[in-house]
Amino acid sequence: MKSPALSIDALNKVVAAWPEDNLATSRRAALDQLRQDGIPGSREENWKYTDLSGAVAIANRWLEAGAEVPCAGIAAANDIVRNIDADWIVIDNGQIDAQALDATAIAGVEIKRHSSSSERLTPSGRLGDLNAALLRDGLRISIAASAELARPIGILIVDHSDSAATVSQIRVDIDLAANSSASFIEYHTSDGIAEIYANSVVNVTLGDGSRADYVRIQDRDRLHEQTGYQSFTVGRDAELRHCAFDFGGRLVRNDLVIDLANPGGNAEFAGLYLIGDGQHIDNHTRADHRAGPTESRQEYRGILTGKARGVWNGKAIVHEGADGTDAEQANHNLVLSKQAEIDAKPELEIYTDDVKCSHGTTVGQLDETALFYLRTRGLSRHDAKQVLTRAFAQAIVGKSPISSLHDFLADRIAGRLDQLMQETDA
Amino acid sequence: MLEVKNLKASIGGTEILRGLSLHINAGEVHAIMGPNGSGKSTFAQVIAGHSDYEVTDGTVEFNGKDLLELEPEERAREGIFLGFQYPVEIAGVNNAYLLKAAVNAKRKHQGLDEIDAFEFLKLAREKMALLGMDPKFLNRGVNEGFSGGEKKRNEILQMAMLEPSLAILDETDSGLDIDALRAVAEGVNALRTPDRAIVLVTHYQRLLDYIEPDYVHVLSEGRIVRSGDKSLALELEEKGYDWVREAANG
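If you're matching them up, the sequences are chains C and W in order. Using my numbering, you'd call the opening residue of the first sequence number 1 and step up by one each time. Using my numbering, you'd call the opening residue of the second sequence number 1 and step up by one each time.
Don't read these hints as lab results, they were simulated from the structure. Hints may contain errors.
[Claimed, not checked] Where chain W lies over chain C, by a calculated footprint (3+ residues, C-beta under 8 Å): (1) 151-157; (2) 215-225.
[Claimed, not checked] Short, incomplete list of chain W residues facing chain C, as computed with Cβ under 8 Å: (3) A48; (4) G64; (5) L68; (6) A76; (7) L82; (8) F84; (9) Q85; (10) G92; (11) A96; (12) K100; (13) A101; (14) A183.
Idealized CB from N, CA, C, for every residue including glycine.
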């Protein structure tokens, strides 16, 4: 697999027809960069397990067909908005409803569209240029200094297409001013029988002494593909609590990049992927310790069935001078079928002496002794398996920083595990 | 209640039980004693249905049913309880959750409704008080971080909640200090009823000071080589297991 070839000409033609708005300069710059760098391919170490040629093929088909945006709205989105308590902002097939946005008023929060600002978009990851080149509009959410938000801000990213291959670009930039605290739910969902490729970019800056609780939930249809880039820049004595859940998607690549450039910065992040036949989920995390003392702790867990393919790559880099760094990485996998595959790789790069770093990775099956124990208490083999897998997953729910989501997540996990186990038993 | 005839079982091709026969009636307490490697624990695991052991010969009837045909969970629901020598730690599974699931699995099998939540808590608290267990243990992970004594008490708590007709307690006394031993024995004695049988699998006579057996059997090389009343246990304590081995071989 070389770099998948994106049809730049078609892309150029599509974007040239768009109105000359505030984002036009950023789009053109991104397009030039994209022309130069291309789409990441398997020759790049960071992309060797995840083949984007399917996503690029969707993009080419969509571009060549004139890059139409299908009608918006799916029923599942209403359920999410109803069932999860948050101030919701909906991004529908990559589009932001300006009217709805203007009606959203949250004390201590300012929300603006990128198209209303002349500011240039900042570079954001290997697929950030694709995102910027095709971005119709994005959001900037600013939390005022010392503001403490009572409810989470929900960003619901919905994609839907029944007719033709569709692509959406999502971009959200969040700034937490000094000593503020806020929680965020980034929820991805999709439906429809056509192919979809969604590419999202979220950049969060945590001001000094601020705190962000962030939960990302990806529950797309299993025909759809997604790449998502998230960056967090953590200020002095600022705290990030992050938790990510992947349930759906055919091919999903998540990049989580955490920059600890200021003393006292602290990041705890966790993730869970529950994946079955025909799914490929790749989580790449990177924590840069540029100053000391800083802390990063991560634990990702996966449950894989059928022919699922999982990738976890956790990198911690302790830069020169980042004395007093404490970095911890863990990845545990429960592999419930012979055909499932997981590539787990912790990476530590240390360029200073005074550090505390640890990592651990496990790949295993359900404990037969525990299964037998539960069965001698009257639980069927099926129930015993379910109890054990749920308990394995529940450990990550417990780490999720937004406690009002715990019941929702536990239910969703139970439902998804039921599906996965049925596939395994069949 | 339990009729074991000429039971032979092996693990990984090695024969452990070599023709064990045993008859247990309701209301009786039997002690099975024997040196390490004599097959005591294997017997307990085979009765509970552990799939690592292959039964190669013999029959086991439980209340008229062919026990060997049943899955471990079916045996449990029919009223067999195995108290583990090494209770398994199950992180993330709440103790109360397991107790309730176990009670309800049995109730469902008996055609009863699920236990009322309030009733369940009341019952669990009562049994815990009897065993000298802090009610906080209900909300902890199953055996997670429990001491040896706490784990054994937890086994007896499960037994008390499940009210089995046949309880097999595998080395329940191992790793217990005298207070824990007393509490566990009290818990077991409270469950001694005319409709229930209890089998104590033990290496030492000590437990039998607290739970008095009706019958004592000595197991050696996979067979019962001697049976008697509780005085046999005292005799064993005095003369050691070599005495039985010699008697068996001679």
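Quick rundown of the hints versus the structure:
no., hint, in the structure
1, 151-157, "violated (count 0)"
2, 215-225, "violated (count 0)"
3, A48, "holds, 5 Å"
4, G64, "violated, 20 Å"
5, L68, "violated, 15 Å"
6, A76, "holds, 4 Å"
7, L82, "holds, 5 Å"
8, F84, "holds, 7 Å"
9, Q85, "violated, 12 Å"
10, G92, "holds, 3 Å"
11, A96, "violated, 13 Å"
12, K100, "violated, 11 Å"
13, A101, "holds, 6 Å"
14, A183, "violated, 21 Å"
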